[in-house]
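Q: The listed protein sequences correspond, in order, to chains A and E. Each residue of the first sequence is one higher than the last, beginning at 1 in this note's numbering. Each residue of the second sequence is one higher than the last, beginning at 115 in this note's numbering.
Simulated from the structure, these hints should not be mistaken for lab results. Honestly, I wouldn't trust all of these hints.
Said to hold, decoys possible - For lysine to any residue, the following SDA-like pairs were computed, each having C-alpha atoms within a straight-line distance of at most 20 angstroms: (1) Lys192(E) x Glu115(E); (2) Lys49(A) x Lys125(E); (3) Lys49(A) x Gly213(E); (4) Lys125(E) x Phe179(E); (5) Lys61(A) x Glu115(E); (6) Lys106(A) x Trp136(E); (7) Lys106(A) x Arg225(E); (8) Lys49(A) x Ala99(A).
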Amino acid sequence: AQSVTQPDIHITVSEGASLELRCNYSYGATPYLFWYVQSPGQGLQLLLKYFSGDTLVQGIKGFEAEFKRSQSSFNLRKPSVHWSDAAEYFCAASSGGGADGLTFGKGTHLIIQP
Amino acid sequence: EAEVAQSPRYKITEKSQAVAFWCDPISGHATLYWYRQILGQGPELLVQFQDESVVDDSQLPKDRFSAERLKGVDSTLKIQPAELGDSAMYLCASSLGQGAYNEQFFGPGTRLTVL
């Protein structure tokens, strides 16, 4: 079955420090990959996406992610976090085609320490 | 900026009652999705529409859930009867068309509590 795994339920990072959130996928073929952020009271917002080509993708709010086929991973990174980055982060995948609903991981809750 | 609208934002009901949620997608978006997000989990797809047609409802519990998009614009998700395990956030998303390259835009959700 197709699945997305986010191994870390919670991550605590000091403000100004770097961040890496892990995501692994299990699909028959390389899926389309996404990272979303969900803040309290806010809807899900797309940070970035990977379809093909350059394995390092840039997104909004200073985030980037690297696709590694050999590791079936799509980890999210940010060089320096801000207190406003505290939120829930979801990795998602889609096999594409007509039925292209997203399969989400369980999320990683990011806590920023002052 | 165009947004996906959902109502109500919050709903409290007793088990065995019927509930309904409404979603108005971004104007011109042909594809509409309903997701359910249980507390502490990621969203899971319930149903996908392309215009008024169902594309994927394989994860929709059809014994109690129904969804419609009669005119291919707004959509209603219904639960009858509601069960305690249905307590969750129900999210609606829309995109210009089918295909993962079309970004899905999410609404704020309806938080359902079943007592």
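Q: Take the hints in turn and mark each one as holding or not.
A: Against the structure, the hints:
| no. | hint | result |
| --- | --- | --- |
| 1 | Lys192(E) x Glu115(E) | 28 angstroms, violated |
| 2 | Lys49(A) x Lys125(E) | 33 angstroms, violated |
| 3 | Lys49(A) x Gly213(E) | 13 angstroms, holds |
| 4 | Lys125(E) x Phe179(E) | 16 angstroms, holds |
| 5 | Lys61(A) x Glu115(E) | 18 angstroms, holds |
| 6 | Lys106(A) x Trp136(E) | 25 angstroms, violated |
| 7 | Lys106(A) x Arg225(E) | 18 angstroms, holds |
| 8 | Lys49(A) x Ala99(A) | 18 angstroms, holds |
Comparing the model with each earlier hint shows violations of hints 1, 2, 6; every other hint is respected.
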